[in-house]
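There are 2 protein chains.
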Amino acid sequence: MTLVVHRTVAEFRRACDAVRATGASLGLVPTMGALHAGHLALIDAARERGTTVAVTIFVNPTQFGPNEDYSRYPRALERDVELCRERRVAHVFAPLEREMYPEGERTRVRVSDLTEGLCGPKRPGHFEGVATIVTKLFAVAGPCTAFFGRKDYQQLKVVERLARDLLLPVEVVGRPTVRDADGLALSSRNAYLSVAERERASALPRALSVAVRAFERGERRAGALRQPVEQALTEAGLRVDYVELAGADALEKIADDEAVQDRAVLAVAAFAENTRLIDNVVLGEDPPPLPEIAP
Amino acid sequence: MTLVVHRTVAEFRRACDAVRATGASLGLVPTMGALHAGHLALIDAARERGTTVAVTIFVNPTQFGPNEDYSRYPRALERDVELCRERRVAHVFAPLEREMYPEGERTRVRVSDLTEGLCGPKRPGHFEGVATIVTKLFAVAGPCTAFFGRKDYQQLKVVERLARDLLLPVEVVGRPTVRDADGLALSSRNAYLSVAERERASALPRALSVAVRAFERGERRAGALRQPVEQALTEAGLRVDYVELAGADALEKIADDEAVQDRAVLAVAAFAENTRLIDNVVLGEDPPPLPEIAP
Numbered sequence: 001m002t003l004v005v006h007r008t009v010a011e012f013r014r015a016c017d018a019v020r021a022t023g024a025s026l027g028l029v030p031t032m033g034a035l036h037a038g039h040l041a042l043i044d045a046a047r048e049r050g051t052t053v054a055v056t057i058f059v060n061p062t063q064f065g066p067n068e069d070y071s072r073y074p075r076a077l078e079r080d081v082e083l084c085r086e087r088r089v090a091h092v093f094a095p096l097e098r099e100m101y102p103e104g105e106r107t108r109v110r111v112s113d114l115t116e117g118l119c120g121p122k123r124p125g126h127f128e129g130v131a132t133i134v135t136k137l138f139a140v141a142g143p144c145t146a147f148f149g150r151k152d153y154q155q156l157k158v159v160e161r162l163a164r165d166l167l168l169p170v171e172v173v174g175r176p177t178v179r180d181a182d183g184l185a186l187s188s189r190n191a192y193l194s195v196a197e198r199e200r201a202s203a204l205p206r207a208l209s210v211a212v213r214a215f216e217r218g219e220r221r222a223g224a225l226r227q228p229v230e231q232a233l234t235e236a237g238l239r240v241d242y243v244e245l246a247g248a249d250a251l252e253k254i255a256d257d258e259a260v261q262d263r264a265v266l267a268v269a270a271f272a273e274n275t276r277l278i279d280n281v282v283l284g285e286d287p288p289p290l291p292e293i294a295p
Numbered sequence: 001m002t003l004v005v006h007r008t009v010a011e012f013r014r015a016c017d018a019v020r021a022t023g024a025s026l027g028l029v030p031t032m033g034a035l036h037a038g039h040l041a042l043i044d045a046a047r048e049r050g051t052t053v054a055v056t057i058f059v060n061p062t063q064f065g066p067n068e069d070y071s072r073y074p075r076a077l078e079r080d081v082e083l084c085r086e087r088r089v090a091h092v093f094a095p096l097e098r099e100m101y102p103e104g105e106r107t108r109v110r111v112s113d114l115t116e117g118l119c120g121p122k123r124p125g126h127f128e129g130v131a132t133i134v135t136k137l138f139a140v141a142g143p144c145t146a147f148f149g150r151k152d153y154q155q156l157k158v159v160e161r162l163a164r165d166l167l168l169p170v171e172v173v174g175r176p177t178v179r180d181a182d183g184l185a186l187s188s189r190n191a192y193l194s195v196a197e198r199e200r201a202s203a204l205p206r207a208l209s210v211a212v213r214a215f216e217r218g219e220r221r222a223g224a225l226r227q228p229v230e231q232a233l234t235e236a237g238l239r240v241d242y243v244e245l246a247g248a249d250a251l252e253k254i255a256d257d258e259a260v261q262d263r264a265v266l267a268v269a270a271f272a273e274n275t276r277l278i279d280n281v282v283l284g285e286d287p288p289p290l291p292e293i294a295p
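Residue numbers (the numbering used here), protein chains in the order written: chain A, 1 to 295; chain X, 1 to 295.
In short, the hints are calculated from the structure, not lab data. Take these hints with a grain of salt, some might be off.
Covered stretches of chain A (chain X as the covering partner; in silico rule of three or more C-beta atoms under 8 Å from a C-beta of chain X) [claimed, not checked]:
1. 23 to 31
2. 105 to 116
3. 176 to 183
On the chain X side, residues computed to face chain A include the following (Cβ under 10 Å) [claimed, not checked]:
4. 17
5. 70
6. 72
7. 75
8. 79
9. 100
10. 102
11. 105
12. 108
13. 111
14. 158
15. 169
Even glycine gets a Cβ: it sits at the ideal position worked out from N, Cα and C.
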């Protein structure tokens, strides 16, 4: 199978139609490129499901705030295509901005409630940009199974919601976060980290692991689960953006004086200098990001 | 050909897929039911284009304001289905609300700029409701040609814009307004009018016809085209909601002290007692709604 790179909506749409016309099912892996092992695990998951895999690579301008890293976000199309080829991806869609945002475009997709906590207030407009581009990618790809990483947990919930709400013929599959040896969640943004920052960043999975173990020992008080995470990140020299507990489905905030009743996600965002890192665990469901170290 | 009525998204999606699988193209006519000759002209246009015709009938709650006529909007499904059958419609999609707005739904589609003038400020949330339901109907129907009346001119522009912007595989076709003998644009809401109100309502096409003739005689001053319309409606005992001149594509407002340069739409909304009526002409393009009466 030879990989084909498409630069226009019309070409990619035809390619996706052609996949289905053979009776195969389409597996879609939407990315912003700078592929790492997390993305490759999504590709593997799509292939293992028996789908013909299409990877989209598009650094979506509308999901970046004015003071965020759109211009310096890593771009490595040739290398990405090579990685896709090795993984037996059939189609790569790497459109120009004008293809995804046609002249005079004025349309946005918004998912409310789910975007009110966690990263929502910290990144105004971010999820509207995500919801809009994902709707467009789904519209171009047509009926498919789409794979997203659980590292961007809130994004996954937004995408699940919009696919259901807009009645799109897309099954959304969330896949586990892929981590480095020290537990740090893989992210294209890790490339920004200096050696010292990278060292400090490992406090994120360590702190989340402590919380998972406390939960496993029976701790249900939200404050007792949340506050030590915030403290550990600060002590490690990270600037906490938020540490929040929320319902795992509707993402409603769980306050410190409440108890965790149902499935809950513990989500964090913290800066190592100028690099914003996020991570999360679903308590009672995800293993600790970092295996317990023998004393 | 026998007409099939579908009540669920899954059934209607399968039916649309099956139409395309035979090599036929799908013609979609989205309506809120209470079909009149305007809707039937859309069906005819779809059939004359050689498409297999599907009519959707759904009174969309999200496009009505809290003080509008959602609850009393005319509903006549059996009669509508009969009319569709006579016109050789293949599929009617008449979903329950829960199908179109699934439990917990939170997603809305918004088209900006185009919705800032004309009906936009008068009906807050209306076009968001329209854009959302049309996106859903397009998502369910899949690749098709969709037919809309030009009576709802701003709606047509919004739908054209969202189909392009969201990269939906849908060609949007706008069709001329169908009118009664006295020029009144057909609308399901005309059923609300008393005999006296119906009489007064005919001032709308009369006033627009005067403006079209002035334009044809070379009048380009926006105020000189617009103000007599407002005056004529008021004198006829209608309560003017707005009379506006706007660019025919981007719908940017043309002020009274400006001149009409390019294609412009003259759009009106007026109340006959509690019934809100709208109408419009594209100057230099549409004929006068009412043929000139011999003196």
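**Asked** When the nearest CB of chain A is found for residue 72 of chain X, is that gap smaller than 10 Å?
**Response** Status violated, d = 27 Å.
**Asked** Are at least 3 residues of the stretch 23 to 31 of chain A within less than 8 Å of chain X when you compare beta carbons?
**Response** violated (count 0)
**Item:** Given hint residue 79 of chain X near chain A, where the shortest CB pair must fall under 10 Å
**Value:** Constraint on residue 79 of chain X not satisfied, violated at 27 Å.
**Message:** residue 111 of chain X was flagged as interface toward chain A. Is the shortest Cβ-Cβ separation under 10 Å?
**Reply:** Holds: closest Cβ of chain A sits about 5 Å from residue 111 of chain X, inside 10 Å.
**Item:** Closest C-beta approach of residue 70 of chain X to chain A relative to 10 Å, hint status
**Value:** violated, 20 Å
**Item:** Given coverage of the stretch 176 to 183 of chain A by chain X, tested with a Cβ cutoff of 8 Å and a minimum of 3 residues
**Value:** That given contact is violated, which follows from only 0 residues of the stretch 176 to 183 of chain A lying within Cβ reach (below 8 Å) of chain X.
**Prompt:** Any CB of chain A closer than 10 Å to the CB of residue 100 of chain X?
**Reply:** holds, 7 Å
**Agreement of hint residue 158 of chain X with chain A interface, Cβ distance less than 10 Å** = holds, 9 Å
**Message:** Taking beta carbons only, do three or more residues of the stretch 105 to 116 of chain A come closer than 8 Å to chain X?
**Reply:** holds (count 10)
**Message:** Take the shortest C-beta to C-beta distance between residue 169 of chain X and chain A; is it under 10 Å?
**Reply:** Interface hint status for residue 169 of chain X: holds (7 Å vs cutoff 10 Å).
**Asked** If you take the shortest Cβ to Cβ gap from residue 17 of chain X to chain A, is it below 10 Å?
**Response** Since the shortest Cβ distance to chain A is 9 Å, the answer is holds.
**Request:** Could you check if residue 75 of chain X really has its C-beta closer than 10 Å to a C-beta on chain A?
**Result:** violated, 22 Å
Against the hints set out earlier in the document, violations occur for numbers 1, 3, 5, 6, 7, 8.
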